[in-house]
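Enquirer: The whole structure should be built from the sequences, with the hints applied where relevant.
Taken in sequence, the protein lines are chains A and B. Going left to right, the first sequence walks through residues 1 to 268 as the working numbering numbers them. Going left to right, the second sequence walks through residues 269 to 605 as the working numbering numbers them.
The hints are simulated quantities; they were obtained by calculation from the structure and are not laboratory data. Here the structure is a predicted model, which means the values were calculated and not measured. In this text, a Cβ means the ideal position worked out from N, Cα and C, and glycines have one as well.
Over 10 Å on every C-beta distance to chain A, these chain B residues come out as not near it, computed from the model:
# : residue
1 : Leu-296
2 : Tyr-315
3 : Val-427
4 : Pro-450
5 : Thr-578
6 : Pro-592
7 : Phe-594
8 : Leu-597
Cβ-to-Cβ under 10 Å is the rule here; a few derived chain B residues that face chain A:
#  : residue
9  : Thr-493
10 : Asp-496
11 : Thr-501
12 : Gly-503
13 : Gly-547
Stretch by stretch, here's where chain A covers chain B in the computed footprint (C-beta under 8 Å, at least three residues):
#  : segment
14 : 358–367
15 : 482–492
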Amino acid sequence: MSIDVSNLSFSYGENQVLDQVSFTAQDNQLLSVLGPNGVGKTTLFRCILGLLKGYKGQILVDEIDIEGLGIAEMAKLIAYIPQFHYPSFNYSVFDMVLMGTSVHVSAISTPGKKQKRHVEAALKRLGIYHLKDRGFTKISGGERQLVLLARALVQQAKVLVMDEPTSNLDFGNQIRVLMEIKSLAREGYTIIQSTHNPDQAFMFSDKVLAMKDGEVLAWGRPADIFTEELIYNLYGMEVKMESLYYDQARVSIPKGIVEKDSIYRFCS
Amino acid sequence: MERGRGNTFTVIGLGVLLVITIIVSFQLGRYPIPAKEVLGISLSRIYPIEQFWTDRMEMVLLNIRLPRIILACLVGGCLSAAGTAYQGVFQNPMAAPDILGASAGAAFGAALAILNYGSSFTITVSAFSFSLLTVSLVYFISKRVKGKSILGLILSGIVVGSLFSAATSFIKLVADPTDQLPAITYWLMGSLAGAKSGDIKFAIIPMTIGLVPLLLLRWRMNVLTMGDDEARTMGINANQIRFIVIICSTLTTAASVSVSGMIGWVGLVIPHVARKVVGNNYNHLMPASILCGAIFLLLVDNVSRNLLTTEIPLGILTAFIGAPFFIYLITRRGEDF
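Expert: Printed below as a string of structure tokens:
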């Protein structure tokens, strides 16, 4: 499974949101999209998910142009993991995940034994089987993210699009969720996530797409594109970038912190 | 899936409860008929038994009580089915069957027919037609509203609904205060007092056409509560499902209101009672909601025809009986699921 976006442009009326965006993601890859707020990440995702029509350019999923695909065909190719929002009605974790199988049952029937087995397998795969009878709104933020991930898995699409999966999570849960995402990519999924944390994007991603003002600022392997200059161009923040543990991690530290008081700190 | 199986038993239990309520309802009334006679008369329709009851009993049971009981069950079940479906497809716990103006349209239709000295059948047909007309109007206006389709529907529903309510008020103003005005007022309060088998024959077709798809599409409604975009990425065309649900709910609501008058409360609150009993999964919620609605309206109608010598309009009683019960339900301790 691969996703191939070429020359994607989109505008809301006069307002151009995406301008000639091109990138690819292969299977086994986790692609992180970085960029400041309001840069067009959500619009990009909505185009990829088939929720926005009327874009210019081409989006190929597994070499199929998604423009002509129906809703059910799309759902079999790409699954979406939204940010957590309180649902209008609370469902049990099991029912929540079972909804992901809907595209595989006919409109007038309800998911059966086969779909329920898939749900159990997905819950066990992500280590949240013990939560199956709990209410979705009654579990922790990290657990909710895993439930939404399980819902995407039972949809049996090989491309997963995740909207800031680690936002609103504590540090431990962020890493736990990212580890799961990474291991899913290793199992053959193609995963696209948006994130606001460059350090985590560097540690976990296979490819990074850096976006500014609807355009691609940089695209490639994180080791190739992560520089102090990139962070400055993205966020307008001067940083010192430190490579750690044989370049397994690159940490960005705001310059103001390491420079201004450094002599004073050294003396005291 | 112990919870799922438990809920299946709960739904079956509600079905049994409905049957018991129906049997008890046959015995109640100003002309009491003992259980033995009720059973005898019922069985004699399918199996010849020697008559041990009076002809009067048989007449009251078959011509007065039977249509009324059937109608109470149908109207209660239909209104709560429509409310349950709307809450799901509008992603809104406050949605009720009249959210798209179905009741306001029916009220106008009925008032107009009463103003023109229509027969009871004319009143029913007029209420039904205007109900459908109002919702179609709301739907077409909402199509021209820019932005989110749900908001467009609800706003159009409110506006068109209030327009028809104003028109009904105007009819009340010009109606003859000696006979027409009381008739309109009484109709607006809702009653099953005049239930005849003709009403059932009229209402049962749109009710069935509406209820069957609502039951078949119930799993899809779960997915719709997640929001249109999420439903779409899960392979469900939210607008299409919502359109079908609106047609079906409008048919059941219009048919109910046109034979019973305005009965508020049932379509908003009974779905929440059912949610408390079986949870939010529409698989069990939809049948549970229909059964709860039927039981509730049957009980209320029993009170309506037995409590005082004059009948108490249903619209008043549903609130008087339903409100305390619902307050108990939402304040009682237990898992908020």
